[in-house]
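Protein chains in written order, with the working numbering: chain A, 59 to 511; chain B, 59 to 511.
Don't read these hints as lab results, they were simulated from the structure. Keep in mind that a hint or two might mislead.
In silico EDC-like links for lysine to aspartate or glutamate, alpha-carbon gap of 16 Å or less [what the hints assert, rightly or not]:
1) K370/B / E221/A
2) K400/B / D267/B
3) K329/A / D418/B
4) K370/A / D418/B
5) K440/B / D495/B
6) K329/B / D418/A
Some chain B residues flagged as far from chain A (calculated, every beta-carbon gap over 12 Å) [unchecked claim]:
7) T89
8) P158
9) G243
10) Q258
11) N319
12) E392
Have a look at the derived ranges for each label pair, beta carbon to beta carbon [claimed, not checked]:
13) Q222/A / W411/B: 50 to 58 Å
14) D418/A / E320/B: 52 to 60 Å
15) G368/B / E367/A: 23 to 31 Å
16) H223/A / W411/B: 47 to 55 Å
Positions of the beta carbon are idealized from the N, C-alpha and C atoms, including for glycine.
Protein chains: 2
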Amino acid sequence: MNVESFFVNQRSRYLEELKEFLRIPSISALTDHKEDMNTAAEWLAESLKTAGLKNVQILPTKGHSVVYGEWLENPSKPTVLIYGHYDVQPVDPLNLWQTPPFEPDIRDNKIYARGATDDKGQVFMYIKVIEALLSTNSLPINVKFCIEGEEEIGSPNLEEFVEQHKELLSADVLALSDTTLLEKGKPAICYGLRGLCGLQIDLTGPNSDLHSGLYGGAVQNPIHALVELLSTMHDSQGKVTIDGFYDQVQPLLDEERQAFNELGQSEEQLKEQLGVPELFGENGYSALERTWARPTLEVNGIWGGFSGEGTKTIIPAEAHAKITCRLVPDQEPEAILELIEKHVTKHTPPGVWVGVTRFDKGRPFVSPINHPTIQAAAKAYKKAYGVEPAFTRMGGSIPIVESFGRLLSIPVAMMGFGLSDENFHAPNEHFHLENFDKGLLTISYFFEEMSNL
Amino acid sequence: MNVESFFVNQRSRYLEELKEFLRIPSISALTDHKEDMNTAAEWLAESLKTAGLKNVQILPTKGHSVVYGEWLENPSKPTVLIYGHYDVQPVDPLNLWQTPPFEPDIRDNKIYARGATDDKGQVFMYIKVIEALLSTNSLPINVKFCIEGEEEIGSPNLEEFVEQHKELLSADVLALSDTTLLEKGKPAICYGLRGLCGLQIDLTGPNSDLHSGLYGGAVQNPIHALVELLSTMHDSQGKVTIDGFYDQVQPLLDEERQAFNELGQSEEQLKEQLGVPELFGENGYSALERTWARPTLEVNGIWGGFSGEGTKTIIPAEAHAKITCRLVPDQEPEAILELIEKHVTKHTPPGVWVGVTRFDKGRPFVSPINHPTIQAAAKAYKKAYGVEPAFTRMGGSIPIVESFGRLLSIPVAMMGFGLSDENFHAPNEHFHLENFDKGLLTISYFFEEMSNL
């Protein structure tokens, strides 16, 4: 029996098992659910063992455990490391759920439950594919699982875990299904994410708010100084004017620009959706290119002085701004923060004291689009969905992707099976079973393609 | 008996009467004190009658009443209109008063009570001078009193009152004692005040805060737009760069600059006092010149986006700023607001919606320093204090001064007898009796000088 028929035969059993997994309220953010987290890890370990994986372990971290399992009996073949997470988001506001979040319900060929698409449903598919292939003696490669329980709280312990288990986790490619298709029926391989760094600027002038009548004109106004300083950070087209900011930026390849362009994003539609009078940004790039593949420096917050009703005629004692940058390869967060601090020192107007505090950091990430493992994923998608997958990047940051890639020196195939309207992190989260069925196929085709490398 | 001896003889009676006036808790801001306001107005009317004034009236306004009185029996001589107020500030925090605010106490030749210097003590001196001069048949001019009860709440009804009583209030000069000496022993005539106008700028971008990863680079950040807009309003020396802003500004006269310079303000000391790294402002002017006689545009408040702990990677939907300008003659508040709005329209960067709301307005004011009535006040000060008074301006705004000057077309002699450390509006307000004694003399010398015009 081929794997396609096998999946069809087993479908209802699979869905019953997925419901079991979804019934466990493994909310990592809430300490009340600590026990549920353990239950979910144990359920997962059992499920890996049942599927035929060896050396299954629940490995402790400073927070929630990582579930590990492996099958390495094709020593001449590549190894795929599968990453996923068994923790889920909180469920508030509960009254907006049509059916309770931990009582999975299938309607309209969609399974509704917290975690259905993010990420229990997606990680579950990998387990079932391996179970199917092992039970038919046809798993053509080696696999390892690394399923964490802290993704929804920012993976605070995963980088250290990977660092400490480099040997155990070594592989040829990381497969990760925690993202989405481009749209229904059109798969996407996300091969790049932006990095992040942030800082706060604090300008201080007089030792207290001053009467603007008595002192206005005599001293620098910290808001004026801040405004003047921040205005030196972009040109009138929104390009960042920090010295050296773009020095390490890898230019977009012609083939990437062409691929992005072929996705046919409607800028008019985006403008309408966001309610802005026009889109805006760096000259010479489309909105998609600017959000996926160009770095930004955004002032996320600014405050100082009086913001109540009417007027208050003061020169405020202080003014503040919070800034984060989205970074692209090969910008280094630390180096960018250095450049910004240097800029702040050079461009702060006279008459104020200046302080800078640094925040979060995450490196940008991009997998080589032509890498054979990424191409293997593309071929698998094509075979399962009947169309070429889109190659996409994301403007956001998933620091653990970069950590895996860097620490294990492997490419990362982000193979999403969710849809962007499936209410990730919101009430009525669901997973379309069309993509469950096609996902099982895609993953098994991916393993097959990998075995030919 | 000359007037000097008369004052010495009557001093203890005067002080007992002043204490009576100070015992009335006439707090205009608090509705609980409505009855006390009436009591104070009646006390004042009685006091004017006792002093010998005619046509004494308590005239209603939409708020607290104005007390009027006159003595016009020297038809060939000039008329001095005396302005003051019988209302006082609230007294919180009560526990910081060494003696209760409405139980006047004399210690160290200072009288302590709410209203002692601002303004009951100062207005009381005029009444006693007139009483003395009338009782000795030696009042050499005509006088009118206009004592209001709403100065501490911004004189909301006074402009309309003056407009409606132009004939009744007509005079040759307005005398007003609600300001301070330059310093102990050194009197000052304040002959100029800055005006005021204000507005709020609201920039709106996307219809909600956006994820800076997903949209950063595609749209204008309203904070960036605000920063860019505001940065076009000053040059690097703090000079306002709104087109036409300085067009109506009367340049400082050489004699004014010299007079300011002779006051010997220490910029080093001001810097230390305010805790700033350096003073800052328009090139070519001293700090005193900048605060007294040059206009300003100050951003009093700015806000938008996230200001909590750590970072929040958003592009905010909105950003806001509050602005007020201090104006000097002959800048018109309305005209300046027009110029700023025009500037905002011209310089708002693309990608955001812009809104402007206008606020408070008050015209700037300056009395001609060489006007004979102002010179009469100067001679009187010289005679009483033995030193030339300083001619000063103030950076703040007292809109009613400008209203009187404009509506009645008369110069205003601001003859302060307070000291800047006498806790105006604060606990332990007091009035130094040295300036009570010298004030009585100064006022009577002023009337004498006026009679020679």
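Outcome of the hint check:
Annotation: proposed proximity of K370/B to E221/A is violated, straight-line Cα distance about 28 Å (limit 16 Å). With a C-alpha separation of about 28 Å, the suggested pairing of K400/B with D267/B is violated against the 16 Å cut-off. With a C-alpha separation of about 37 Å, the suggested pair K329/A and D418/B falls outside the 16 Å cut-off, and the hint is violated. For a cut-off of 16 Å, the pair hint linking K370/A to D418/B stands: about 10 Å separates their Cα positions.
Under the criterion of a C-alpha separation no larger than 16 Å, the hint pairing K440/B with D495/B is consistent with the structure, at around 15 Å. For the hint linking K329/B to D418/A, the alpha-carbon distance of about 37 Å lies beyond 16 Å, and the restraint is violated. Remark: the non-interface label on T89/B is consistent with the geometry, its nearest Cβ contact in chain A lying 20 Å away (cut-off 12 Å). Once the 12 Å rule is applied to beta carbons, P158/B is consistent with being away from chain A; the minimum gap is 28 Å.
A cut-off of 12 Å between C-beta atoms confirms that G243/B is not in contact with chain A; the least separation is 22 Å. Against chain A, the non-interface label of Q258/B is violated: not every CB pair exceeds 12 Å, the least being about 8 Å. Consistency note on N319/B: stated as away from chain A, and its beta-carbon is indeed over 12 Å from all of that chain's, at 15 Å minimum. Look at E392/B: its CB is around 16 Å from the nearest CB on chain A, clear of 12 Å, so calling it non-interface holds up.
One distance hint, 50 to 58 Å for the beta-carbon pair Q222/A and W411/B, holds here, with the actual separation near 52 Å. Checked against the hint of 52 to 60 Å, the pair D418/A and E320/B passes, with Cβ atoms roughly 57 Å apart. Between G368/B and E367/A the beta carbon distance is about 29 Å. The supplied range of 23 to 31 Å therefore holds. Checked against the given bound of 47 to 55 Å, the beta carbons of H223/A and W411/B, roughly 52 Å apart, stay inside it.
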